[in-house]
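Colleague: Produce the complete structure using the sequences and hints provided.
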Amino acid sequence: MIVVGLSGTWTLAAAAMIDPPAPAAPTVPAAAGAAAAPAATAPAAAPAPKTATVERGALELVIERPGRVESSRSEEVRLELEAFTGPITVKDIVRRNGAVKAGDALVMLEGKEFEKGLEDLRVQAAETRRRLVMQKEERAMQVRQSIAALERATLASDLAQQALELYRDYESKKGLEMADLGLKGSLDGLRDNQDELTQLEKMYAGTSLQSETKDIVLERARRGVERGEIYAKFARRDNEIFKAIRAPNDARRVEDQAKYSKLDLEGAQLQQRLGEIRAELDIASSARALRDIDRRLEKMEGDAARLNVKAPADGYVVVRVKDVGDQVQPRQEVAQVVDLSKLRVRGTMNADALRVIKQGDVAAVWFPSRPELRGEAVVDELVVVGAPEGDGAAFPFVATLRTVDGSVFPGIEARLVIRGTLADRVLVPNKAIKQEKGRFTVKVLVGETQAEREVRVGASDGTKTEVVSGLQAGEQVVMPDA
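Take numbering that gives the first Met the number 0: the final residue in the sequence shown is number 481, and no numbers are missing along the way.
Calculated directly from the structure, the hints in this document are not laboratory data. Predicted model, so just to flag it, every value in this text is computed and none were measured. Hints are not guaranteed to be accurate.
[To be verified] Label pairs and their calculated CB-CB ranges: (1) Gly184 - Arg219: 17 to 27 Å; (2) Arg226 - Met202: 13 to 23 Å; (3) Lys258 - Arg143: 20 to 30 Å; (4) Asn248 - Ile276: 32 to 42 Å; (5) Gly56 - Gly437: 47 to 57 Å; (6) Met140 - Gly184: 51 to 61 Å.
Don't be surprised by glycine CBs; every beta carbon is placed ideally from N, CA and C.
Modeller: Shown next, in the form of structure tokens:
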């Protein structure tokens, strides 16, 4: 019998309220009948109220708490694609419901233009990989060319610096001295010609040589003097120009060549460093692009495998999609695989149940849809932080089923039967307690006077209720007639 008590719902194997027998009427002796006759006219005395004695004893509790059977190990198969964002539809439903093994095909899905996108990614990955190889080969060639260019620039700079030092130490002085020497040679030649002409004129002045021969010799000497004068004039001018223009220009040209060669060397060194950095950045960019493409390709290939939905484990499968052609949304549950060999009950306890049960305890369990089945459940989880439920609080629990056969399935209702004893409690019959507007009161008989007293109550077994405060053992409480 299920009885609703003051603190919850209780299941009792047997419960009955037995009122104490009414006191027997006093017997009157026959001889006193005549004498008592005048008293018959007096008003009848009020009957004594029914009372019960407040006792101290043990309270046997039998509490039933509802729950639902579920598998302690179930895996949901959801559509979780990583790369493909297009619409997904059901291509084929291989298996609807039933026992499966891990890896069995369940549902075939397909995506619009999925295969084309996957093939494009594969081609793009291959092209990027070849481009990266080509860049590395070009980089190797650029390194060799850069080394050669740097060697040429270094050699040119060294030669220019050497030429500058040679010019400063030797060529500059030599040029000036050679210019002076050339001028001196021209002037000396002119002087020699003049001296020769003067000497010839003196020599032929007192001779008897033929006039024709003398004229030839003198004329030739005069022409030599004329040429010497012209050479000397230009030699003098060349010397002035060389010292004023050509020598400074040569010095500047040599110095500039050394400076430009040094700048070219610095430029070659800078270009080599920048080229290395640029090549490294280009190769790194290509390598990063290849990694990104490979990652996308890996995700797409993973999506291709996920479109073929398979059982993740052994168990009983329930396919959630309905028909071929239906569109499947992201994160939608496609199937669920349940392990029927490991079942548990999930429900809530009330505050009274927490008095007698704790985590690890074993409780009896039965099933309203299969009342012939009985079993046991071990309380694995018991949350002691409750949530509001009616006038009290609910405390979630999870209990693992054991000693049940294979006819118990997830989803059916289960009832946990919790038994416990609260020792040394102050107890009164339920009928003696009156509840009104959240207050609990009893009528206490003191002598011949009835006094209403407020009490605090605790657990109840459907027949008796625990009084926490307000009464003491041995007191008499009035039992209502109803």
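Colleague: If a hint holds in the structure, say so; if it does not, say that too.
Modeller: Against the structure, the hints come out as follows:
1. In this structure, Gly184 and Arg219 meet the distance hint of 17 to 27 Å, their C-beta atoms being roughly 21 Å apart.
2. Here the CB-CB span from Arg226 to Met202 is close to 21 Å, well matched to the stated 13 to 23 Å.
3. In this structure the supplied range 20 to 30 Å holds for Lys258 paired with Arg143, their Cβ-Cβ distance being about 28 Å.
4. Take Asn248 and Ile276: their Cβ atoms lie about 41 Å apart, and the range 32 to 42 Å holds.
5. Taken as a hint, the range 47 to 57 Å is violated for the pair Gly56 and Gly437, whose Cβ atoms sit roughly 27 Å apart.
6. At roughly 58 Å, the beta-carbon separation of Met140 and Gly184 lies within the given 51 to 61 Å, and the hint holds.
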